[in-house]
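Engineer: Letter by letter, the chains look like this.
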Amino acid sequence: MDDVERLIALEDIKALMARRVRCIDEKDWAGFASCYAEDAESFSMSSAPGGKVVGNRQIADWLAKALSGITTVHQVHAPEIEFLADDTAKGIWPLNDILSWEKDGERRWMRAYGHYRQTLKKIAGRWVIKEHHLTRLLVEQGAEKLA
Amino acid sequence: MDDVERLIALEDIKALMARRVRCIDEKDWAGFASCYAEDAESFSMSSAPGGKVVGNRQIADWLAKALSGITTVHQVHAPEIEFLADDTAKGIWPLNDILSWEKDGERRWMRAYGHYRQTLKKIAGRWVIKEHHLTRLLVEQGAEKLA
Amino acid sequence: MDDVERLIALEDIKALMARRVRCIDEKDWAGFASCYAEDAESFSMSSAPGGKVVGNRQIADWLAKALSGITTVHQVHAPEIEFLADDTAKGIWPLNDILSWEKDGERRWMRAYGHYRQTLKKIAGRWVIKEHHLTRLLVEQGAEKLA
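Going down the list, the protein sequences come from chains A, B and C. Quick note: the first sequence uses the numbering used here, first residue 178, plus one each step. Quick note: the second sequence uses the numbering used here, first residue 178, plus one each step. Quick note: the third sequence uses the numbering used here, first residue 178, plus one each step.
Hints may be right or wrong, so weigh each one.
Identical copies look the same in the list; a pair holds intra-copy or inter-copy alike.
As the list claims (entries may be wrong) - Derived pair list, reagent style BS3-like, types lysine-lysine, alpha-carbon separation capped at 27 angstroms:
(1) Lys322 / Lys229
(2) Lys280 / Lys307
(3) Lys322 / Lys242
(4) Lys267 / Lys299
(5) Lys280 / Lys322
Hints were generated in silico from the structure; no laboratory data involved.
Construct the complete structure from the given sequences, taking the supplied hints into account.
Structural biologist: Laid out in structure tokens, this is it:
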């Protein structure tokens, strides 16, 4: 990769991550699945067996079910991206997410802060996520009576 | 546009959005107005007639009045930007904003999360906002007694 | 600097800031110190004498002590960066940070929102922070009984 190709790859990867989190929050699970390699591995998924889900459609299905009925907000911030090869990159993304739902006459919420750590691959001309890990710095939660 | 021109346009648009939100939070309404085309249209402005304001100075005046006496924080995150022509782009920006004000011995606040959807134009060599829409994912509000 | 060199410098500076805040939150103080020039000046440090600390190791030591026992989250958002020379840039970074700690059976927290204003220098081929200022828009704080 020359300098310009690397700059383009950086922008493509940043836009990929922007699309990934927007698709979660808009519950566009087909769009979300298209952000991953077909054989992608997603770790740190607490309610999955072994904490790991394999396959882009499986990851999307798992998340769709986990977030059913929940309003979510995911935001990713300035990343650190390193290229290991022309078609391989490592990315660290600071993120925060909010989950908000109603139960027993309350609005309940969880806010989490941490980092995504990813391996990205360029497959058939498009950057996609090959491996996805989540580490957390802080989790806050609460509940408020609904009016 | 060649690759480098597109990369420069991307950076110009990102810096434009950074300036736009800083100008809101610093109540620099002349700086804010300069981020828009003279005939810009801003939608999703709930307290405006028809929810729409036309004209960069009118948009700035409207917002200055709406936010008078209110401390604000606006933050925009990793965007998706697509070029439709050398002088035209579409942008989707995740954002969150906080409004904080005092009333009746309380601090009251509102936190909102959503997306800006914009059309941007390059006019006289400078990218500006031509059309601005806001969609919301979540709104939180509360109040606390002042000490 | 030509256009491509400027674009690379922008990405280098963005990655520098991403690393700086990750190092704070992971309490990697050697990594944090490496983001600063040896003779860097950090202003707006409320508990330091005169509000100013000089020297990259001194800044790291000061912050390590100030944040000892505190969980932190720092997030930086879309910046405005301006080059004054091939080796000198000014940056404005919107940020929010959260401090969270336990005391007297409570979780106490502070959330602050504002801007970093920096002078950056390219020294020995690497961008580093030369001068660092913080201005605040809003500070929120609270406490909750631990379960």
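Engineer: Does each hint fit the structure? Answer for all of them.
Structural biologist: Structure-based check of each hint:
1. Lys322 / Lys229: Intra 35 angstroms, inter 34 angstroms, cutoff 27 angstroms: neither.
2. Lys280 / Lys307: Close neither inside one copy (36 angstroms) nor across copies (42 angstroms); limit 27 angstroms.
3. Lys322 / Lys242: For Lys322 and Lys242, the Cα distance is within 27 angstroms only inside one copy (26 angstroms; across copies 32 angstroms).
4. Lys267 / Lys299: Classified as both; 12 angstroms inside a copy, 24 angstroms across copies.
5. Lys280 / Lys322: both (10 angstroms within a copy, 22 angstroms between copies)
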